[in-house]
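Visitor: Turn these sequences into a full structure, and let the hints guide you.
Going line by line, the protein sequences match chains G and D. Counting in numbering that gives the first Met the number 0, the first sequence runs from 0 upward without gaps. Counting in numbering that gives the first Met the number 0, the second sequence runs from 0 upward without gaps.
Simulated from the structure, these hints should not be mistaken for lab results. Positions of the beta carbon are idealized from the N, C-alpha and C atoms, including for glycine. Check each hint, because a few of them may be wrong.
Reference listing, derived: stretches of chain G covered by chain D, where coverage requires no fewer than 3 residues with Cβ under 8 Å from a Cβ of chain D [as the list claims (entries may be wrong)]:
| # | segment |
| --- | --- |
| 1 | 156-169 |
| 2 | 200-209 |
| 3 | 230-239 |
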Amino acid sequence: MGINFLEVLDRAHKGPFCEARNWDLKVIPAMVKEKLKKYELIGTFQPENPVNTDDGLADQFWKAGFELAVDTGMLCIETKRIIKFSEEELKEVVREAPSEIIAGTGEDRVTIISRKVEDRNSPMTMFGPMGIAFPEELFLPIVMSCIQYRLIDFPSLPQLYTVQGREVRTGTPYETLAGKHEVALAREALRKGQRPGMPLEGISVSPSEYGQLGGYGVPGGLKTTDFSCILAISELKTSYKLLHKVAHDIVNCGGIGTGNHFSIIGGYVGPAEGAAIAAIAATLLQRAVHFLSLVSGLVLDFRYMGNSGRDAVWASSIAQQAQNRNTNMLTYGLTSQVSGPSTAELLYETAVIAIADVTSGVSEMKGTRPTGCKYEGYASGLENKFAAEVTKFAAGLKRGLANEIAKELIPRYESKLRSPPKGKSFTECTDLRTLKPSKEWLDIYQKVKRELIDLGFPFQ
Amino acid sequence: MKIESLVKKLSKAIMDCDEKAARKIAEETIEAKIDLVAVIRNGITEPMKILGEKFRNFEIFLPDVMLAADAAKEAITILKPHIPREEKTDLGKVVIGTVFGDIHDIGKNIVGTMLGVAGFEVYDIGCDVLVEKFVEKAEEVEADFIAMSCLLTPSMFFQCDVIELLSAKGVREKYWVLVGGGPVTPEWTRKIGADGYGRHADDGVEVAKILIKGTAVDLPIIKGLRS
Numbered sequence: 000m001g002i003n004f005l006e007v008l009d010r011a012h013k014g015p016f017c018e019a020r021n022w023d024l025k026v027i028p029a030m031v032k033e034k035l036k037k038y039e040l041i042g043t044f045q046p047e048n049p050v051n052t053d054d055g056l057a058d059q060f061w062k063a064g065f066e067l068a069v070d071t072g073m074l075c076i077e078t079k080r081i082i083k084f085s086e087e088e089l090k091e092v093v094r095e096a097p098s099e100i101i102a103g104t105g106e107d108r109v110t111i112i113s114r115k116v117e118d119r120n121s122p123m124t125m126f127g128p129m130g131i132a133f134p135e136e137l138f139l140p141i142v143m144s145c146i147q148y149r150l151i152d153f154p155s156l157p158q159l160y161t162v163q164g165r166e167v168r169t170g171t172p173y174e175t176l177a178g179k180h181e182v183a184l185a186r187e188a189l190r191k192g193q194r195p196g197m198p199l200e201g202i203s204v205s206p207s208e209y210g211q212l213g214g215y216g217v218p219g220g221l222k223t224t225d226f227s228c229i230l231a232i233s234e235l236k237t238s239y240k241l242l243h244k245v246a247h248d249i250v251n252c253g254g255i256g257t258g259n260h261f262s263i264i265g266g267y268v269g270p271a272e273g274a275a276i277a278a279i280a281a282t283l284l285q286r287a288v289h290f291l292s293l294v295s296g297l298v299l300d301f302r303y304m305g306n307s308g309r310d311a312v313w314a315s316s317i318a319q320q321a322q323n324r325n326t327n328m329l330t331y332g333l334t335s336q337v338s339g340p341s342t343a344e345l346l347y348e349t350a351v352i353a354i355a356d357v358t359s360g361v362s363e364m365k366g367t368r369p370t371g372c373k374y375e376g377y378a379s380g381l382e383n384k385f386a387a388e389v390t391k392f393a394a395g396l397k398r399g400l401a402n403e404i405a406k407e408l409i410p411r412y413e414s415k416l417r418s419p420p421k422g423k424s425f426t427e428c429t430d431l432r433t434l435k436p437s438k439e440w441l442d443i444y445q446k447v448k449r450e451l452i453d454l455g456f457p458f459q
Numbered sequence: 000m001k002i003e004s005l006v007k008k009l010s011k012a013i014m015d016c017d018e019k020a021a022r023k024i025a026e027e028t029i030e031a032k033i034d035l036v037a038v039i040r041n042g043i044t045e046p047m048k049i050l051g052e053k054f055r056n057f058e059i060f061l062p063d064v065m066l067a068a069d070a071a072k073e074a075i076t077i078l079k080p081h082i083p084r085e086e087k088t089d090l091g092k093v094v095i096g097t098v099f100g101d102i103h104d105i106g107k108n109i110v111g112t113m114l115g116v117a118g119f120e121v122y123d124i125g126c127d128v129l130v131e132k133f134v135e136k137a138e139e140v141e142a143d144f145i146a147m148s149c150l151l152t153p154s155m156f157f158q159c160d161v162i163e164l165l166s167a168k169g170v171r172e173k174y175w176v177l178v179g180g181g182p183v184t185p186e187w188t189r190k191i192g193a194d195g196y197g198r199h200a201d202d203g204v205e206v207a208k209i210l211i212k213g214t215a216v217d218l219p220i221i222k223g224l225r226s
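Guide: What follows is the structure, given as structure tokens:
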């Protein structure tokens, strides 16, 4: 890119000054409102049509989001300085963004390519118990229960909360030790699962930079064919913790940068329309500040802290369409469900999010997050298999059909979003010897698949 | 007539998120020597309730309520020293923060704001807060509650540390301890000996209201459980 990391750091230390509270309560809300008004986007969210099908509207959102990124920049929390970019610089960031990346090695190598709206090419799939706390003794079984399914291209990892029985506490040496422990377990799971070349995405237990750093320079550690995961802070903020990861993982060690940011409906950016343009701005600024090759501005609804409700599905669809119609950037969608494993609701949520995002042109889908990652050990292989199937087979689907499917499925779970079904834990819905799902869970999965086929979804 | 006029002006200042105006009207109210409790109830608590309802319905959003709460706080700071101690104007005092190692603040801000809307006096000590700072602030302001938010599992353990520190200092019984956030569960709440848990912001407010009555026997109080 034209602007190197040292230049970004300079701006983080010399840019315009702004207190975080002022940023959150005055700067961001005012800028978002201004753009929504300027581009006549207020009231464009239609709850009865959760997947956007209006290309012109998506392009208006792109213009608004791009302009928001130019006008706001990204705030560095520690320095209280805004890292700003000119319009020309952000255009260059977009022009120079890769449209293809390769990660992993050997037969398990993955190629992620830029997609467009309703693209016939299948996205890549990164599915597993994303960030869900799991005990050490179940790390291998849960990862292997996911990667046994070939439609999952590479795994999303659970989070260890102990290392050899000791609590992993943020910012302490335990976290550094956990980084090495996690990567060692992950590589072992890939070997035992007969998919040794799959790439890894950072360190799941990395609330600060220490966990991630702990995963490098160790036997089997993260390398240039793996991803470095850097998650920006809502809204449009970065920090030394994140910039350390950029410096170390991407600049020093040559890893592939990936990451996302959540714009929160109801929060500082206001309604669904505000979250959508903030998500677009977040994609651009993360690419510029964190040097991410695979990047996303995502949306979350704080009323239930997930993204399967109609406001979030719509906001995500229009933000993704805006980006993927107007750039060749590699973007991704992420399933942030609230229902638990062994429930039909979890599969409905997954299907809606994945179908909306894939038809909106994402290059990759990630997840899954049953129970909103609230309950330790509440994940299984089957919902991840389902997520991968829906993702792959949604390629080429028209948005009109995606919208009709979403309209049918959302009512089946939306009344439960604030008090969702907990479902069953990994050990309750999986045979730990074979790593196959329980009959009860399999029956639910088959039933939901049939329902989707009846709605016109092209399962193969 | 005078009281009605001041209440109306103060209410407007709150709704407009105008800290400066709220402060000025509060000063006028002191000079007018009128029923200050009635002014707070009708000029501050009532508009905050209206804003809280609008927020729940998504007619307005978080920044609007937080800025209104700032204006309300400005007015209360002026008025409170002039109110006799026995005339309570708030439901209780809450020290709220996100625990050490965690810089996520939106959940804490929503809960803090809704507690303020409900009539609690809220002291927000920010994010990435060291264990001892929760206790120090609670002691300083003579709080009723310590409320801890957490979105990162590896930071959750610091919620337990705060409770242990309270016990070590012999002051555990002085405070109700509330916990919440993404990875926080009813099971965790019970495990660490906290007094209350709410899945969502309004659940947290309900828990606080139950606890402050002082009649709850089965602890912890858990609200917002899934089906």
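Visitor: Each of the hints needs a verdict: does it hold here or not?
Guide: Do the hints match the structure? See the list:
no.	hint	result
1	156-169	holds (count 6)
2	200-209	holds (count 3)
3	230-239	holds (count 3)
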